[in-house]
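As you go down the protein sequences, you meet chains P and W in turn.
Take 1 as the starting number for the first sequence in the numbering used here and just add one per residue.
Take 1 as the starting number for the second sequence in the numbering used here and just add one per residue.
Be aware that a few hints might be false.
Partial chain P-side listing against chain W, Cβ under 10 Å, derived [claimed, not checked]:
(1) Y66
(2) R167
(3) I171
(4) L179
If you want the ones that stay clear, here's a sample from chain W, every Cβ over 10 Å from chain P, calculated [what the hints assert, rightly or not]:
(5) V3
(6) S15
(7) G18
(8) A22
(9) A23
(10) A27
(11) G55
(12) E77
(13) N116
(14) L126
(15) S158
(16) A166
(17) R167
(18) A176
(19) T210
The set of hints was computed from the structure by calculation and includes no laboratory data.
Remember, it's a predicted structure, so these values are computed and weren't measured experimentally.
All C-beta atoms, glycine included, are put in the ideal place defined by N, C-alpha and C.
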Amino acid sequence: MQLVLLVLSAILVNNFVLSRFLGICPFLGVSKKLSTALGMTAAVMFVMTLASTVCWLVFHGLLRPYGLEYLQTISFILIIAAMVQLVELALQKLSPGLYRSLGIYLPLITTNCAVLGCAVMNIMNESSLLVTAVFSLAAAVGFGLALVLFSGIREVLALADTPRSFRGTAIALLTAGTLSLSFMGFAGLVK
Amino acid sequence: MLVPTVVLSGIGLLSGLGLALAARAFAVETDPRQEKIAEALPGANCGGCGYAGCGDFAGAVVRGDAKPDDCPVCDQETRRLVASIVGLTVQDRAPQVALILCQGGDDVAAKKYRYNGLASCASAALLGGGDKLCGAGCLGLGDCQRACAFGAVEMTPSGVARIIPARCTACGQCVAACPKDLIKLVPAEATIHVLCSNHDRGPAAKKACTVACLGCKKCEKSFAEDPRIKVADFLAYIDYEHAPVDPALAALCPTGALVYRAAAAPAAERTSS
Numbered sequence: 001m002q003l004v005l006l007v008l009s010a011i012l013v014n015n016f017v018l019s020r021f022l023g024i025c026p027f028l029g030v031s032k033k034l035s036t037a038l039g040m041t042a043a044v045m046f047v048m049t050l051a052s053t054v055c056w057l058v059f060h061g062l063l064r065p066y067g068l069e070y071l072q073t074i075s076f077i078l079i080i081a082a083m084v085q086l087v088e089l090a091l092q093k094l095s096p097g098l099y100r101s102l103g104i105y106l107p108l109i110t111t112n113c114a115v116l117g118c119a120v121m122n123i124m125n126e127s128s129l130l131v132t133a134v135f136s137l138a139a140a141v142g143f144g145l146a147l148v149l150f151s152g153i154r155e156v157l158a159l160a161d162t163p164r165s166f167r168g169t170a171i172a173l174l175t176a177g178t179l180s181l182s183f184m185g186f187a188g189l190v191k
Numbered sequence: 001m002l003v004p005t006v007v008l009s010g011i012g013l014l015s016g017l018g019l020a021l022a023a024r025a026f027a028v029e030t031d032p033r034q035e036k037i038a039e040a041l042p043g044a045n046c047g048g049c050g051y052a053g054c055g056d057f058a059g060a061v062v063r064g065d066a067k068p069d070d071c072p073v074c075d076q077e078t079r080r081l082v083a084s085i086v087g088l089t090v091q092d093r094a095p096q097v098a099l100i101l102c103q104g105g106d107d108v109a110a111k112k113y114r115y116n117g118l119a120s121c122a123s124a125a126l127l128g129g130g131d132k133l134c135g136a137g138c139l140g141l142g143d144c145q146r147a148c149a150f151g152a153v154e155m156t157p158s159g160v161a162r163i164i165p166a167r168c169t170a171c172g173q174c175v176a177a178c179p180k181d182l183i184k185l186v187p188a189e190a191t192i193h194v195l196c197s198n199h200d201r202g203p204a205a206k207k208a209c210t211v212a213c214l215g216c217k218k219c220e221k222s223f224a225e226d227p228r229i230k231v232a233d234f235l236a237y238i239d240y241e242h243a244p245v246d247p248a249l250a251a252l253c254p255t256g257a258l259v260y261r262a263a264a265a266p267a268a269e270r271t272s273s
């Protein structure tokens, strides 16, 4: 039951993008088309879950026993970077089309604060390995949900008659804010 | 000091090894012709072909998505070389240069407000089309200059952009960068141009800029038949397929919108990249 509440919290109540405002870069950059957004979500889900789990293992297995907690940030970034490189290599081989359409945003997952944030959050909350894995997966699903919702809206918005000064990033930011506001309706659902 | 160094290096080394193995497992076969083409290309990475740099274009040529012709920066020899690598032939084409269709500097064009924002034409253009009274004029904030990978755009002292034909490779990046769509690619040998994009009627155009095209049709009427200059919607257009060449035409224009400029040197003699 705890796990279910945790999942709900990560996806809806404390959505990484819309409530915690992490990972805005791919949120705005990859959300112009639904297909690219879905591809990006898959990549982030893989990286987030695996990276958070490995980071947990490294922290509790290597850093803490030797009193090296201060190496947390740099070693997490190392691990995340390696994961992202792995995803890039795999995508280039398995789906060149998606690789090309994601473009620069694929290596940008490395610097995505959502991924590092998730890894650090798990350490801060002193979660167990199982909780870490579930939470990270749920967080990535939440990230994907926000991305998919937003790209769906943006695809239709691109065809609307937006006032000249609002076209492009301006209306995208306004929409993102409104979407974030609407997600605040979930506040208090899970304590 | 030793332990953290070892730990961090250890993580780095392990990740590196893992990635090296993965690179082997996920290796993608690249056509050797792609590298040959990429070497032959000018390497300016200007994006004029529409691809993300020369490497990407080389890949597209090998795949067959792009023609060797699509690189506007290559000279004849290079295009023939690229074509021969993939077993195609190219045709000679007339060299082009970019041209900015506006002369409205601060000395001749009026402004409707004082702009105090980001030094970018795209930014200024968002505010009611820019600070010029002429809705179509050059805003002079340098977006085209920044887009040019060859240094072929200069800003004149009066605040309009001007192309340096000797350095222009007609890659088209400035054309895309201009938010007012003022820049066009014209044949390098053309000498008569209408440097205005204003569609306002005579009095309004004159009020906005003293060198604007009024649409008075004096140039159009100077050709009895086979008009090489057409006036549409109060703006004169040169038909570059049959471009006029007589320098005396420029004297006809009452405002000076129609100008005579010496032809740019053809691409083969121009030093590019």
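Numbered hints the structure breaks, given as an ascending list: Violated hints (numbers, rising): 3, 4, 5, 6, 7, 8, 9, 10 and 14; every other hint is consistent with the structure.
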